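Trainee: Sequence:
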Amino acid sequence: MEKNLNEKINTRISILQGLITLAFILLTGWLFGLQILDLSGYKAKGTAMRSTGSLTLRGNIVDRNGIKLATDELTYEVYAHPRMYSTKRPPEVLAEILYPFLEMPKDELLTKLKSKKMNIITLKKEVNRQSAEKIRKLGLREISIGTINRRFYPQGNIASHIIGFYSYLSDNSIGIENIAGGKLGINADSAGAEKVQRMANGDIIFDFNTDIQNITKRQKGEDITLTIDASVQYICEKELAKTIKETKAERGTVIVEDVTNGEILAYASYPNFDPNKFWEASMIDMKNWSLTDIYPPGSTFKIITVATAIDLGVLNEYSKVPDTGRMIIDKYKIENHDYKDHPNPGMITLDYLFEHSSNVASANIALMLDKEDYYNKLYEFGFGQKTGIDLTAESVGLLPKPKSWYKSRQASMGYGYGASVTAIQMISAISAIANNGVRTTPHVIKYSAEELPNHVQTRQVISPETARAVTRLLAKSIANGNTPLNLDKYTTCAKTGTSRKQVTSGKDVYASAIGYFPASAPKVAIYVVIDSPKTGVDYGGTIASPLFRRIATEVGTLLNIPSDKG
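Per this note's numbering, the sequence shown starts with residue 34, numbered consecutively.
Source of the hints: derived by calculation from the structure; they are not laboratory data. Hints should not be assumed to be uniformly reliable.
Said to hold, decoys possible - Keeping only pairs whose Cα atoms sit at most 20 Å apart, straight-line, the calculated SDA-like set for lysine to any residue is: (1) Lys147 x Glu136; (2) Lys479 x Lys410; (3) Lys149 x Phe185; (4) Lys310 x Phe185; (5) Lys157 x Lys310; (6) Lys410 x Leu345; (7) Lys150 x Ser177; (8) Lys310 x Leu107; (9) Lys479 x Thr258; (10) Lys139 x Phe185; (11) Lys419 x Phe185; (12) Lys147 x Phe185; (13) Lys271 x Arg583; (14) Lys419 x Met401; (15) Lys310 x Asn93; (16) Lys149 x Tyr118; (17) Lys434 x Lys479; (18) Lys404 x Leu431; (19) Lys509 x Lys479; (20) Lys410 x Asp318; (21) Lys139 x His114; (22) Lys278 x Asp318; (23) Lys278 x Tyr267.
Quick caveat: nothing in here was measured; it's all calculated off a predicted structure.
Given the sequences, and given the hints that come with them, work out the whole structure.
Mentor: Now the structure itself:
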């Protein structure tokens with residue numbers, strides 16, 4: 034009996050030992066698979082949870098003189114971890130400790146610390162380095178600090194349409210921030226930046242494969258140098274805003290171009306916005322209308338018409354053209370703005386045409402030209418196509434094909450109503466005349482000698498002789514006239530323009546002035562456009578000319594352009 038009992042006990046013990054051994058084997062196998070073979074991918078998941086990209090600073094955007102227009106700024110964020118709260122340091126105690134460093138009301142901080150909506154609470158963003166270091170030295174296990182970099186625009190609104198903005202929220206950007214994104218380092222994190230593992234407090238977890246030198250070296254994109262001169266840009270924006278407010282106009286633009294190489298020295302567009310607070314700006318504020326919208330240029334286009342006629346051999350510098358003061362074509366009346374004072378000027382010189390802005394004489398010149406030849410020359414000047422400026426959303430304008438040119442349209446083309454242009458097209462064409470007939474791609478990025486041919490091209494549009502003849506005619510018209518365009522220090526080649534909006538009742542106009550100086554050796558071209566001024570006499574000569582004069586005077590001084598007037 035006792036023997037049978039012992040045998041039963043031994044059997045049960047053997048079975049239990051077998052089960053324990055089997056369980057141990059299964060557990061060992063499971064742990065081996067989990068930790069060594071990583072069958073469920075826990076290692077990758079854990080690494081991913083601890084991995085962060087190395088901090089990448091985007092490159093600076095600077096003006097031609099090295100003034101920072103956009104840069105990355107290091108800032109800190111402070112977080113609370115409710116799971117780590119203790120009776121020793123409850124939210125009330127933490128709020129008492131932290132509020133002086135975070136510079137926020139204690140009650141507001143306590144409310145955040147008591148939040149139960151998430152496991153990690155963001156207490157404050159954009160904390161300065163000094164405060165972050167003081168909080169870190171407190172050694173609070175319930176609090177952690179994250180380092181981030183944000184895009185900062187030191188000059189505020191200056192050149193906002195050119196620079197654009199970079200959005201961390203949507204990983205999106207516009208302007209130069211978008212065009213040069215790769216160089217600036219905007220896409221650096223997605224381009225293979227080394228990943229590192231960090232502890233909860235942000236400290237790096239090192240292993241044998243960690244490249245210490247690489248992860249401790251802050252990655253940074255290339256700097257981008259613009260052709261923009263911040264001082265010239267500031268003057269243009271200040272004077273433009275002043276004119277807009279005085280005349281209660283809808284919008285306006287001022288462009289300054291170096292005619293010798295196509296570099297844009299200033300590109301002001303109103304309204305503008307502060308890229309530091311881009312989310313507060315409307316789509317209208319952020320739109321560079323002078324690059325995207327088209328309009329009839331008006332009398333400034335007469336320069337192009339005369340240059341075309343001379344270059345095609347239809348006229349020469351000393352030609353005279355008929356001006357009856359008024360004419361009827363296809364039942365449309367064309368009349369000079371000063372018809373009441375000069376009803377029938379007769380045969381006029383080309384400088385007289387510019388000085389008195391004769392519509393009739395300009396229409397007659399247009400009708401003298403072969404339609405195909407006229408169209409081709411306008412296209413060579415850059416109308417009806419993009420200029421190629423290194424900014425996005427440029428419009429091609431509107432240049433009708435010559436087969437649609439009935440007589441009245443061809444005539445109106447002569448004085449700036451047959452085609453619709455963008456502001457950048459207009460200044461690019463006039464700069465070509467100033468540059469001995471060579472049109473250069475306008476650009477806002479200052480390229481290296483190696484990159485330049487890929488972005489900037491030149492084209493001989495008219496002969497140097499034609500360009501110099503037009504320069505002399507324009508300079509003579511300004512010298513003979515009583516106009517603000519006649520500068521004190523420089524012989525100016527310029528023309529005003531007034532064109533009526535065709536989509537309105539006829540009360541709204543574009544008042545403009547365009548020109549270059551000094552006539553003896555042209556250096557810069559300036560184009561001013563004011564859209565729909567509501568006060569005063571709304572002509573280019575009364576609205577745009579004074580603005581042109583103020584800007585030209587400042588630009589001449591800032592750029593140290595020698596005077597060509599004795």
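Trainee: Hints first: check each against the structure and report whether it holds.
Mentor: Evaluation of the provided hints:
{"no.": "1", "hint": "Lys147 x Glu136", "result": "18 Å, holds"}
{"no.": "2", "hint": "Lys479 x Lys410", "result": "29 Å, violated"}
{"no.": "3", "hint": "Lys149 x Phe185", "result": "33 Å, violated"}
{"no.": "4", "hint": "Lys310 x Phe185", "result": "10 Å, holds"}
{"no.": "5", "hint": "Lys157 x Lys310", "result": "18 Å, holds"}
{"no.": "6", "hint": "Lys410 x Leu345", "result": "9 Å, holds"}
{"no.": "7", "hint": "Lys150 x Ser177", "result": "18 Å, holds"}
{"no.": "8", "hint": "Lys310 x Leu107", "result": "17 Å, holds"}
{"no.": "9", "hint": "Lys479 x Thr258", "result": "6 Å, holds"}
{"no.": "10", "hint": "Lys139 x Phe185", "result": "29 Å, violated"}
{"no.": "11", "hint": "Lys419 x Phe185", "result": "31 Å, violated"}
{"no.": "12", "hint": "Lys147 x Phe185", "result": "33 Å, violated"}
{"no.": "13", "hint": "Lys271 x Arg583", "result": "11 Å, holds"}
{"no.": "14", "hint": "Lys419 x Met401", "result": "28 Å, violated"}
{"no.": "15", "hint": "Lys310 x Asn93", "result": "18 Å, holds"}
{"no.": "16", "hint": "Lys149 x Tyr118", "result": "12 Å, holds"}
{"no.": "17", "hint": "Lys434 x Lys479", "result": "35 Å, violated"}
{"no.": "18", "hint": "Lys404 x Leu431", "result": "16 Å, holds"}
{"no.": "19", "hint": "Lys509 x Lys479", "result": "35 Å, violated"}
{"no.": "20", "hint": "Lys410 x Asp318", "result": "35 Å, violated"}
{"no.": "21", "hint": "Lys139 x His114", "result": "18 Å, holds"}
{"no.": "22", "hint": "Lys278 x Asp318", "result": "16 Å, holds"}
{"no.": "23", "hint": "Lys278 x Tyr267", "result": "17 Å, holds"}
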